[in-house]
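Given the sequences, and given the hints that come with them, work out the whole structure.
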Amino acid sequence: MSNLYTKRSVAQKDSQPCLVCFLPTTCVLYNSSIQDWFYCCELHFKDNLGFAKPVYSKSYEDAIEKLKVVKQKLDAEKVKQAGSWDSWVNKFISKEPSQESPQNAAQAETETETGTESELQALKNEYQRLTDLISQGQKQLRSFTLSPVMFESRVDAKKRGHILRQKAKREQENYSNTDPDELSAKFDFPAVPKKI
Numbered sequence: 001m002s003n004l005y006t007k008r009s010v011a012q013k014d015s016q017p018c019l020v021c022f023l024p025t026t027c028v029l030y031n032s033s034i035q036d037w038f039y040c041c042e043l044h045f046k047d048n049l050g051f052a053k054p055v056y057s058k059s060y061e062d063a064i065e066k067l068k069v070v071k072q073k074l075d076a077e078k079v080k081q082a083g084s085w086d087s088w089v090n091k092f093i094s095k096e097p098s099q100e101s102p103q104n105a106a107q108a109e110t111e112t113e114t115g116t117e118s119e120l121q122a123l124k125n126e127y128q129r130l131t132d133l134i135s136q137g138q139k140q141l142r143s144f145t146l147s148p149v150m151f152e153s154r155v156d157a158k159k160r161g162h163i164l165r166q167k168a169k170r171e172q173e174n175y176s177n178t179d180p181d182e183l184s185a186k187f188d189f190p191a192v193p194k195k196i
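In the UniProt record's numbering, the protein residues as written are 1 to 196.
These are computed hints drawn from the structure, not numbers from a lab.
Predicted model, so just to flag it, every value in this text is computed and none were measured.
Treat each hint with caution, since some may be false.
Said to hold, decoys possible - Under the rule of at most 20 Å between Cα atoms (straight-line distance), these lysine-lysine pairs were calculated in the PhoX-like manner:
{"no.": "1", "residue 1": "K78", "residue 2": "K66"}
{"no.": "2", "residue 1": "K186", "residue 2": "K167"}
{"no.": "3", "residue 1": "K46", "residue 2": "K58"}
{"no.": "4", "residue 1": "K53", "residue 2": "K7"}
{"no.": "5", "residue 1": "K169", "residue 2": "K158"}
{"no.": "6", "residue 1": "K78", "residue 2": "K68"}
As structure tokens, this is what we get:
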């Protein structure tokens, strides 16, 4: 028995009450290993991690790790590009007259600015691509694992249901069997006392 439930949707006419809030819902969580399903609103199993946890794909987890790295680089680049007031003032004051022509100095300065801007733009593009990939992964999410307590209660309910069905089946066989010889062999009916 695996604790892996898949989200399915049913038609509006087939909606059933939610397991948690009892409002009609078309969303079903289905487990094929134990043939278990229940209706539940998407809000409950997406927002409540105590009820169900999403099972993400490997590409989604890799995208999250890359996003963290890109975010750190992007923050560092923004800090480096913006600089602090002190560094800007010190650079302006400590500028000595250079031997180079002002045109060459301006050209070198614009080259470094365009280099950092293009690097910053590349990081922004990568960050946007990763966030789009992550949002797409969240939209396509269909697999969930129930919390251990919830899963055990579902398994116990399935076992109880199976035992009750077996008991009902035995009782039905007993009630439907009307052969007197077989009944007397199965059951010990009281007899009339012979000594009076």
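TODO: Please write out, lowest number first, the hints stated earlier that are contradicted by the structure.
DONE: No hint contradicted; all consistent.
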